[in-house]
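A.B. asks: Each step along the first sequence adds one to the number in this note's numbering, with nothing skipped, and position 581 is 638.
Honestly, the hints are just simulated from the structure, not real lab data. Since this is a predicted model, take the numbers as computed values, not measurements. All C-beta atoms in this analysis are idealised placements derived from N, C-alpha and C, irrespective of residue type, glycine included. Careful, some of the hints might be misleading.
[What the hints assert, rightly or not] Computed list of lysine-lysine pairs in DSSO-like fashion (alpha-carbon distance at most 27 Å, straight line):
(1) Lys207 <-> Lys180
(2) Lys658 <-> Lys688
(3) Lys81 <-> Lys68
(4) Lys300 <-> Lys280
(5) Lys301 <-> Lys280
(6) Lys300 <-> Lys249
(7) Lys280 <-> Lys188
(8) Lys180 <-> Lys198
(9) Lys147 <-> Lys268
(10) Lys640 <-> Lys300
(11) Lys536 <-> Lys515
(12) Lys252 <-> Lys188
(13) Lys296 <-> Lys648
(14) Lys207 <-> Lys252
(15) Lys689 <-> Lys671
(16) Lys301 <-> Lys515
(17) Lys268 <-> Lys281
(18) Lys249 <-> Lys229
(19) Lys515 <-> Lys451
(20) Lys658 <-> Lys694
(21) Lys176 <-> Lys280
(22) Lys648 <-> Lys689
(23) Lys300 <-> Lys658
(24) Lys268 <-> Lys295
(25) Lys300 <-> Lys669
(26) Lys81 <-> Lys229
(27) Lys198 <-> Lys252
(28) Lys361 <-> Lys648
(29) Lys229 <-> Lys296
(30) Lys300 <-> Lys207
(31) Lys281 <-> Lys296
(32) Lys629 <-> Lys536
(33) Lys147 <-> Lys229
(34) Lys180 <-> Lys281
(35) Lys512 <-> Lys455
(36) Lys563 <-> Lys536
(37) Lys689 <-> Lys669
[Unchecked claim] Simulated restraints, written as ranges between beta carbons of each label pair:
(38) Phe70 <-> Val528: 34 to 42 Å
(39) Lys672 <-> Ser634: 37 to 45 Å
(40) Val528 <-> Lys81: 51 to 59 Å
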Amino acid sequence: MIFTFPDGSEKTFATGVTGYEIAKSISGRLAREALSVTVADTIYDLHRPLTSGGRIAINTWDDEDAKYAFWHSSAHILAEAVEALYPDVKLGIGPPVEQGFYYDIDFGDRQVGNEDLPKIEDKMQELVRQKNRFERFELSKSEAIGYYKKKNDPYKLDLLEGLEDGTISFYKQGNFTDLCRGPHIPDTGRIKAIKLLNTAGAYWRGDNTSKQLTRIYGITFPKKSMLDAFLNQMEEAKKRDHKKLGPQLGIYMIDRMVGSGLPMWLPNGTILRRALESFLREEQLRRGYQEVITPHIGNLELYKTSGHYPYYQDSQFAPMEVDDEGYLLKPMNCPHHHRIYDHEMRSYRDLPVRLAEFGTVYRYEQSGELNGLSRVRGFTQDDAHIYCTNDQLKDEIKNCIDLTRYVFSTFNMPVDIRLSFRDENDEKYGGERELWDRAQQEIREAADEMDLDYKIDKGEASFYGPKIDFVIQDALGRKWQLGTVQVDYVMPERFDLTYIGSDNQKHRPVIIHRAPFGSLERFTSILIEHFAGYFPLWLSPQQAVIIPVSDQFNELAESYRQQLSEVGIRVKTDLRSEQIGAKIRNAETNKIPFMLIVGEKELENQTVSVRKHKKGDIGSFNFSKFISIIKKEVDDKVLPDDKQVNGILS
RNA sequence: GCCGAAGUAGCUCAGCUGGUAGAGCAACGCUCUCGUAAAGCGUAGGUCGUCGGUUCGAAUCCGAUCUUCGGCUCCA
């Protein structure tokens with residue numbers, strides 16, 4: 058058998074050679090670090106005899122697939138440990154996830170919680186020290202069913218029902234056997250660090266009518282140092298938690314008397330939000346958008362027409378009755394915008410019409426789903442709807458993509474782009490098939506012409522049209538789906554929207570829905586965590602504080618404050634009778650970017666001693682020079698220079 | 001909504017097996033007038049999330065409820 062290695066070289070091995078043997082022929086170190094092997098795009102266990110050659114890659118921890126095998130194997134060890142400690146448990150499923158793995162377990166009547174985790178963890182430690190091999194074997198479906206009938210495990214039987222007879226594989230390590238497709242790592246000894254993280258309830262097969270199992274989350278690593286780094290990162294994430302930093306920095310609050318899931322923007326947060334809004338507003342106006350404002354409630358008819366009311370009834374606040382008519386707290390801005398479009402006779406010369414609004418919408422999210430600013434019941438979308446002709450669609454899509462990329466580049470956040478297209482199941486989608494094909498074609502062309510890296514997800518389109526999703530990555534390497542650009546053929550029909558073409562006939566426009574930030578609340582929560590509260594200057598609620606050395610210099614401080622305020626810098630003086638060390642500490646903990654210290658020297662020379670937060674004293678500046686420097690930093694939207702923190706898992 | 005956990009001063013937390021709440025920071029007052037991450041002294045501040053029960057007596061035990069957190073489910 059001939060194998061082709063990633064570097065292009067070829068080697069010949071006898072049939073039945075294992076990935077481990079091949080790795081060893083390259084280097085002992087590779088053999089030690091190897092976790093699985095990929096041959097011709099299929100992943101195999103390292104000790105599985107190979108029966109055909111092809112493109113080969115030896116996978117180590119750095120390969121996503123190998124990492125998943127590692128965590129998958131860890132899940133088996135978790136199950137083995139649990140079964141050893143609680144012999145009567147029933148096992149559900151135990152897959153790897155983005156950061157670690159879990160196993161869903163039915164503990165019967167026993168309550169198992171976080172306090173039981175150390176015990177299970179100890180057992181796992183014991184099992185990995187045994188360095189048990191993961192051994193693969195196959196059973197026929199009836200043998201497999203027999204096995205689990207004997208074991209009396211309803212969940213595995215349920216899983217088996219969905220499997221084809223023939224190649225039902227099992228893995229055995231130590232005293233534990235599990236139904237599993239694999240692949241797995243060679244032996245349990247590869248796992249050098251284990252941490253069980255938490256427990257949670259999870260429905261069998263994600264179905265809330267079936268039984269709720271206990272899910273145990275954990276993570277493992279091939280090196281102890283990696284676990285330490287991971288735990289540090291968790292600590293870091295906790296420190297950055299917007300639910301803590303947000304209220305602390307005066308960004309927002311949630312008050313039970315006002316209602317859960319209904320955040321209120323505090324003065325500092327409002328400054329930040331308005332800065333985001335004007336940033337986007339100006340960019341949109343430059344790109345030919347028109348801004349509109351629509352009310353927070355709308356007649357039920359509006360949402361019956363759009364189809365939102367019947368379809369999403371469960372996630373809306375109940376309608377209210379006014380003068381014998383039903384009204385709904387608006388869950389979407391689009392129906393209002395469609396009516397504005399329809400308010401005038403539109404000519405093809407008017408198109409595209411781009412209506413933008415920072416529109417606040419209300420949705421009934423389940424109580425358990427609410428989360429700080431990132432999951433709320435009332436939020437503001439940076440919404441816009443573009444009404445255009447089919448011929449204009451591609452350019453408009455490009456414009457939307459460009460705007461979204463521009464917005465995220467301002468924060469130096471890497472963006473992944475996903476094109477969500479339809480699948481073959483016509484029933485799932487509205488609008489004519491050929492329009493869809495054309496739109497998907499144009500989305501793809503737009504993406505290609507803009508030289509985008511993208512991934513296509515078939516079947517992920519929305520009901521009314523294909524879409525582009527933007528997934529950004531924050532400073533901790535976490536991914537968030539934010540911006541979206543969606544093509545819509547259904548609403549123009551439902552609202553009977555038209556324009557008069559050059560042929561003097563009525564035509565249907567096509568609509569693009571788009572929102573770069575998505576929701577200002579959610580985006581702000583991400584910004585808080587991305588910057589750990591150290592916002593870039595242009596977003597900082599307070600940009601500078603003037604600290605006089607003693608109260609003899611209060612007058613100078615006040616004069617400086619006025620001059621800075623006049624050019625639009627958000628600045629305050631700290632005239633308290635505190636020592637300057639205390640005032641500086643106070644400014645640092647409040648994450649104020651600039652501390653301007655003034656005293657005798659500064660009074661004499663009309664200078665200012667500048668301290669930058671997290672950096673310390675950066676020296677003395679001529680005051681009017683400093684004004685132009687800080688002004689320029691605001692105008693240029695300069696980012697903090699230390700904000701590139703990379704997670705170990707990214 | 002479901003499973004699990006938690007709620008003590010503005011914040012961070014202490015309060016053992018029931019005997020009527022305590023610290024640091026913050027706030028306020030006075031003193032200090034100070035050069036780059038916490039000056040000193042003093043004052044005030046809590047019906048221990050809420051409601052109910054057990055008890056001579058509940059922050060502490062029991063029940064219910066609300067809110068928050070970790071997940072599940074859902075997400076136009």
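A.B. asks: Can you confirm whether the C-alpha distance between Lys147 and Lys229 stays at or below 27 Å?
C.D. replies: With a Cα-Cα distance of about 17 Å, the restraint between Lys147 and Lys229 holds, given a limit of 27 Å.
A.B. asks: With the threshold set at 27 Å, check whether the alpha-carbon distance from Lys198 to Lys252 stays at or below it.
C.D. replies: violated (35 Å)
A.B. asks: Is Lys512 within 27 Å of Lys455, Cα to Cα?
C.D. replies: holds (17 Å)
A.B. asks: Is the Cα-Cα distance between Lys268 and Lys281 27 Å or less?
C.D. replies: violated (36 Å)
A.B. asks: Below or equal to 27 Å on CA atoms is what counts here, so check Lys229 against Lys296.
C.D. replies: Status violated; Cα separation ~41 Å.
A.B. asks: Could you grab the alpha-carbon distance between Lys280 and Lys188 and see if it respects the 27 Å cut-off?
C.D. replies: holds (15 Å)
A.B. asks: Between the alpha carbons of Lys300 and Lys658, is the straight-line distance 27 Å or under?
C.D. replies: Judged against 27 Å, a Cα distance of about 42 Å means the pair is violated.
A.B. asks: Is the Cα-Cα distance between Lys300 and Lys669 27 Å or less?
C.D. replies: OK: Lys300 and Lys669 at ~26 Å, within 27 Å.
A.B. asks: Checking one constraint from the list: CA of Lys147 to CA of Lys268, max 27 Å. Satisfied?
C.D. replies: holds (12 Å)
A.B. asks: With a cut-off of 27 Å on the C-alpha distance, tell me whether Lys207 and Lys180 pass.
C.D. replies: holds (25 Å)
A.B. asks: For a C-alpha distance cap of 27 Å, please report whether Lys658 and Lys694 respect it.
C.D. replies: violated (31 Å)
A.B. asks: Does Lys252 sit within 27 Å of Lys207, going by the straight-line distance between their CA atoms?
C.D. replies: Judged against 27 Å, a Cα distance of about 32 Å means the pair is violated.
Checked against the numbered hints given earlier, this structure breaks hints 4, 5, 6, 8, 14, 16, 17, 20, 23, 24, 27, 28, 29, 30, 32, 36, 39 and 40; the rest are met.
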